[in-house]
Amino acid sequence: MLRMIVGFAAAILAAAVSSATLEEHVTSKCGKYGEPEFVFSVGPASVVTGDASWLITSLEAMVASGERFKPGEILLIGPVPLKVEAASNGRLRLLEPDMKAMPFNYVDSVGATLNMVRRQKDAVQSLDANASPDFAPLHLPLLVSSDALQARVILMRRDSSLQMGTNWVLMDAESKLSADELTFRPMSVYEAMLQRPEIHDFLALPDGYSVAVSGQRDFVILKGDQTATPVKGSYLFGLQATP
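Read in order, the letters of the sequence shown are residues -20 to -1, 1 to 223 in mature numbering (1 follows the signal peptide of the UniProt record, and there is no 0).
No lab work stands behind these hints, which were simulated from the structure alone.
Keep in mind that the hints are not guaranteed to be accurate.
Unchecked claim - Simulated pairs of lysine-lysine, DSS-like, Cα-Cα distance not exceeding 30 angstroms:
(1) Lys50 - Lys12
(2) Lys156 - Lys212
(3) Lys50 - Lys63
None of the values given here were measured: they were computed from a predicted structure.
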């Protein structure tokens, strides 16, 4: 069963951390509904203050509203499919993909997930403070042209008229061929992001946005045919302003 939480977004996508450096967090209000408490781990330096508390509050609210969870289920937090696993004392533990290789290899942490959610939401709100992220789940497909992932500059375009997967299309921004002349194939968001991590920040932008990106700090964003400039002081503004 696939369940979804969407919420606060992220600072920096964290690498996996060793179990010796992990901090454990546990819910405390699920038991009063006759349900197991959740436990999850994050690296102490990998998560913005408050994000772990947000996840606790969100999980408790879902249980309070009648949601029920069991081992073996997949819980979608933002774009990331987490695995629910039986833990000690009858609790449920959340595991995340290691963000290193295909296929998913689940590890005992959710730090990278919380950071990814925050970072993508911050990117969306760098352009519109009132906008909500439209997360592209890592396991769903986008369309990739044959040369997109080797391109110096990738053109990302989100088009709801595609009506498939995440509606993202990736192509070589410098290709002399038109989109109609290119050959596309589906690929999971996760695989594309592993090969070209600079696309990561922009994957929750809504329909109608395009991004030409060649590095985390080197990008141009369009909304329709107009340049979209990040708000001064925002996350994306800070990326472009940093040498």
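Now the hints, each set against the structure:
1. Lys50 - Lys12: holds, 17 angstroms
2. Lys156 - Lys212: At roughly 34 angstroms apart (the allowed maximum being 30 angstroms), Lys212 and Lys156 break the hint.
3. Lys50 - Lys63: It holds: about 10 angstroms lies between the C-alpha atoms, which stays within 30 angstroms.
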